[in-house]
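S.K.: Chain residues, written in single-letter form:
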Amino acid sequence: MRIIIAGMGDVGYHLAKELSIESHDIIAIDKNQQRLARIDSMADILTISGSATSLEILKKAKTSEAELFVAVTSSENTNIASAILAKKMGAKKTIARIANAEYLSNDVGVNFKELGIDFMLYPEELAAQETVNLIKRTAATDLLEFEGGKVTVMGLKLDKNTPIINKTLTEVTHQHPNVDFRIVAIYRNFRTIIPSGKDRFIANDQVFVITKPEGIELILKLAGKENIKFDNIMILGGSKIGRRVSELLQKNMTIKLIESNEDKSFSLADDLPGTLVIQGDGRDIDLLAQEGIIDVDAFVAVTDDAETNIITCLMAKHLGVKKAIALVDKADYIPLTQTIGLDSLINKKLIAATSILQFVRRGEIISQTTLEGIDAQLFEFVVQPNSPITKKPVKDIGFPKDAIIGGIIRGEKSFIVVGDSQIQANDKIVIFSLPSGVKKIEKLLT
Amino acid sequence: MNLKIIFRIIGFLLMLTGFFMMLGIPFSIYYNSDDISALLQSGIFTSAVGLIIWFFTRDPQNKELGKREGYLIVTLGWVFMALFGSIPFMLYGAIPGFTDAFFETMSGFTTTGATILTDIEAVPAGLLFWRSLTQWLGGMGIIVLSLAILPILGIGGMQLFTAEVPGITKDKLHPRVRETAKRLWGIYVIFTFTEIILLLIGGMNLFDAINHSFTTMATGGFSTKNASTAYFTSPFIQYVFIFFMLFAGMNFTIHYLAFHGKFEFTKINTEFRFYIFFIASTTVIITLVHLPHVDFHLSESIRQSLFHVTSLVTTTGYVSSDYESWAPFSRMFFFVLLFIGGCAGSTGGGIKFARHFLLMKNSSLELRRLLHPRAIIPVRFNGKAVSMEIISNVQAFFIFYIGIVVLGSIILSLFGLDFITAAGAVATCLGNVGPGIGAVGPVNNFAELPDMVKWILSFFMLLGRLELFTVLLIFTPAFWKS
Numbered sequence: 001m002r003i004i005i006a007g008m009g010d011v012g013y014h015l016a017k018e019l020s021i022e023s024h025d026i027i028a029i030d031k032n033q034q035r036l037a038r039i040d041s042m043a044d045i046l047t048i049s050g051s052a053t054s055l056e057i058l059k060k061a062k063t064s065e066a067e068l069f070v071a072v073t074s075s076e077n078t079n080i081a082s083a084i085l086a087k088k089m090g091a092k093k094t095i096a097r098i099a100n101a102e103y104l105s106n107d108v109g110v111n112f113k114e115l116g117i118d119f120m121l122y123p124e125e126l127a128a129q130e131t132v133n134l135i136k137r138t139a140a141t142d143l144l145e146f147e148g149g150k151v152t153v154m155g156l157k158l159d160k161n162t163p164i165i166n167k168t169l170t171e172v173t174h175q176h177p178n179v180d181f182r183i184v185a186i187y188r189n190f191r192t193i194i195p196s197g198k199d200r201f202i203a204n205d206q207v208f209v210i211t212k213p214e215g216i217e218l219i220l221k222l223a224g225k226e227n228i229k230f231d232n233i234m235i236l237g238g239s240k241i242g243r244r245v246s247e248l249l250q251k252n253m254t255i256k257l258i259e260s261n262e263d264k265s266f267s268l269a270d271d272l273p274g275t276l277v278i279q280g281d282g283r284d285i286d287l288l289a290q291e292g293i294i295d296v297d298a299f300v301a302v303t304d305d306a307e308t309n310i311i312t313c314l315m316a317k318h319l320g321v322k323k324a325i326a327l328v329d330k331a332d333y334i335p336l337t338q339t340i341g342l343d344s345l346i347n348k349k350l351i352a353a354t355s356i357l358q359f360v361r362r363g364e365i366i367s368q369t370t371l372e373g374i375d376a377q378l379f380e381f382v383v384q385p386n387s388p389i390t391k392k393p394v395k396d397i398g399f400p401k402d403a404i405i406g407g408i409i410r411g412e413k414s415f416i417v418v419g420d421s422q423i424q425a426n427d428k429i430v431i432f433s434l435p436s437g438v439k440k441i442e443k444l445l446t
Numbered sequence: 447m448n449l450k451i452i453f454r455i456i457g458f459l460l461m462l463t464g465f466f467m468m469l470g471i472p473f474s475i476y477y478n479s480d481d482i483s484a485l486l487q488s489g490i491f492t493s494a495v496g497l498i499i500w501f502f503t504r505d506p507q508n509k510e511l512g513k514r515e516g517y518l519i520v521t522l523g524w525v526f527m528a529l530f531g532s533i534p535f536m537l538y539g540a541i542p543g544f545t546d547a548f549f550e551t552m553s554g555f556t557t558t559g560a561t562i563l564t565d566i567e568a569v570p571a572g573l574l575f576w577r578s579l580t581q582w583l584g585g586m587g588i589i590v591l592s593l594a595i596l597p598i599l600g601i602g603g604m605q606l607f608t609a610e611v612p613g614i615t616k617d618k619l620h621p622r623v624r625e626t627a628k629r630l631w632g633i634y635v636i637f638t639f640t641e642i643i644l645l646l647i648g649g650m651n652l653f654d655a656i657n658h659s660f661t662t663m664a665t666g667g668f669s670t671k672n673a674s675t676a677y678f679t680s681p682f683i684q685y686v687f688i689f690f691m692l693f694a695g696m697n698f699t700i701h702y703l704a705f706h707g708k709f710e711f712t713k714i715n716t717e718f719r720f721y722i723f724f725i726a727s728t729t730v731i732i733t734l735v736h737l738p739h740v741d742f743h744l745s746e747s748i749r750q751s752l753f754h755v756t757s758l759v760t761t762t763g764y765v766s767s768d769y770e771s772w773a774p775f776s777r778m779f780f781f782v783l784l785f786i787g788g789c790a791g792s793t794g795g796g797i798k799f800a801r802h803f804l805l806m807k808n809s810s811l812e813l814r815r816l817l818h819p820r821a822i823i824p825v826r827f828n829g830k831a832v833s834m835e836i837i838s839n840v841q842a843f844f845i846f847y848i849g850i851v852v853l854g855s856i857i858l859s860l861f862g863l864d865f866i867t868a869a870g871a872v873a874t875c876l877g878n879v880g881p882g883i884g885a886v887g888p889v890n891n892f893a894e895l896p897d898m899v900k901w902i903l904s905f906f907m908l909l910g911r912l913e914l915f916t917v918l919l920i921f922t923p924a925f926w927k928s
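So the protein sequences, as listed, match chains A and B. Counting from 1, one number per residue, gives the positions in the first sequence under the numbering used here. Counting from 447, one number per residue, gives the positions in the second sequence under the numbering used here.
In short, the hints are calculated from the structure, not lab data. No experiment lies behind these values; they were computed from the predicted model shown. Any given hint might turn out to be false.
Below are the EDC-like pairs computed for lysine to aspartate or glutamate, each with C-alpha atoms no more than 20 Å apart in a straight line [as the list claims (entries may be wrong)]:
id	chain 1	residue 1	chain 2	residue 2
1	B	Lys713	A	Asp271
2	B	Lys830	A	Glu262
3	B	Lys830	A	Asp270
4	A	Lys136	A	Asp231
5	A	Lys60	A	Asp44
6	A	Lys59	A	Asp25
7	B	Lys830	A	Glu247
8	A	Lys93	A	Glu22
9	B	Lys830	A	Asp271
10	A	Lys212	A	Asp180
Next comes chain A alone, as it looks inside the complex:
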């Protein structure tokens, strides 16, 4: 597949890297030579230096033959314009990253599809949704729901005094025969492993487990966590994400939103009647104390500055806040955050890239997600009739070692997969895979 990516910022970079591994033909366009050099050294792609709205550059990139044109520059206008141009020049599908929610609603009757943009990506909205999920599932570092919660994948961090420490997976499974769950991955020492039954749990492991709704409470107990209901949230930064998170949560929770800009604070107070907007510098510990940071259940730092977010979240943890979520858009920091003690982090750019990958792989794949901080992906596939995997039980289908089938959703019912499970046609299956497994799975399933 010939894919043109305009804009080699973090999103474009991540996207180009992922897609080139899967042997697509990638053409990267960016004005900045250095950025092109960076991706050129990391992935097998063609780079073109120039503006994404220049007709000559688009022609040079053979836009007319492209199956997908992705515009993810930092400028919304450039993205929209270049996507429209690309479509008119013959690109089959176009994606543009946008920077405001207005364009997503169809109220005014502007049809972006007609204009030539097939998919509009608004990372802030996705990031806000993810933050809200994390607040709702308090004990988890990650939380992904499939088919409206029939199957859930949770990420949990194990403390020193968790009851299952030093036990093998098989032991834990045998002790709790009534609970349907499967450990799909463990993130340990900056590496993701797909565990076998003999692997032991170690303190500071981040464990990814797939389970059914009934199992969530028990899993949390096993991991030494309690799912506390949060109702007092403090948000730092009135950016688009902060605003949206407040909007989504203000109905049922007490929200305090701290924003340093005076005009912005007023506009936030105007738009968010259920939120208490406080104007001040979030790094001012006195202010946070005055507004009762000690009493809040969760602290969400979503200013535009990654360092501020990390530092304030650490401060919040230090003061005893149960959960701190930081927006960290610098990919370099991601491996660090877990070690220094942050609960969860949100990376807009990774979210954006994931969402585009999902679009690229659309077909049998219903959804696909990249887990923050770890090098792995979650897919949801629909199994085609006559697919080889429906012929034998799971243990015999020769599933790649760097991937694992976690759950099956069959109509209204859901199952957690064990070796003897039998996959049927039209089942939806949830797969956890390392990057190296993606291609193999695709081959096996199609």
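For this one, chain A is given, so just place chain B on it according to the hints.
M.R.: For chain B alone, coordinates are given in the frame of chain A:
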């Protein structure tokens, strides 16, 4: 200060005033009354004066109208209109004294409705029509009318509009001020016609129907009868009055939206909801309190309460019975109602619902602000946060308003008025209501007051109609510094 353009516009206003004076003549002819020559002479005289001023101020070099010019034109324009408007009353002799005639005319233009006439029915038809017409013109504003009908005030129209229709926030119905003025007057005329027709159906004669429709829609309160609207005992007619007073007391933007089939305002317009809620609940309270004291039926009791509450709240000032004789609680209550006023953007006067709402809401939020000193806790009005500048403006308005009432009452008491009468007279004139309490209550009138008091009250009426700032500004030294 661009004096030439100021007087040119005033000259134009006088021509308009003179023309309107003569509109009563057909009624004089029909009723065979002897006020034709008085109306004709004063009409021609006023127009002539206007024309002369207009002629001598032609071709001003500088056609620009600034903020200052706007305020000055409106204030002076209103004073001149009241001066010339009083001529027919004096010329005919219906009101011989200049003081009384000026008071009556100012009370008309400002839609106050306070009268010094003891025998209204003795005044000939043409003059009565002129008296009601002053209210109708003053209700929506004669400058707004001028903006609507003549293109001459092109530049600076907005300055004039703001000076005459101060309000709190500007609801422009159209990007062009002239079109906005046209729409406002259009709605006003449609309502007036509808009321005339309904009153005719209710059995009123055409003359009374026109006069009363003029004074209801303007929330004025002048009547052609000595007994005011109490003369018309039909419940139907009283309900017509009630509903049209209610309409007149609403923001005309709401009518504009309703005419276009948009009714979302019933859900989101804070002031509209507050207005309806306040009138309904006050009516219930008054009914319950005075029910044991009077021998009305329940239905009549409700109607009477609703009538007076609406009349006083919208600053119309119609009376259908003597509320002075009701329970002391009701009297006290009616005094307080003099301070309410209609909605912003209505023809009603007073402090207005929007301001009351913002003040109360802001004060109660102040308690929350003490707990969170750094929090931004804005007052929400119509679903939007109101900026602190507007709140501060409203607070200043309120302080001025109450200050003027207190100071005015003290000054009036210097002239020998008792406490209740003095406070009632100032409150009713500043709020453009009409009847006060005590010696200026619903069945009495302002005839017996000393001349000086009448001049002071006339000033208060103007002050109230132009919502304080327009007039007060002119008395500040800064206004005259260039």
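S.K.: Of all the hints numbered above, which does this structure not satisfy? Sort the numbers upward.
M.R.: No hint contradicted; all consistent.
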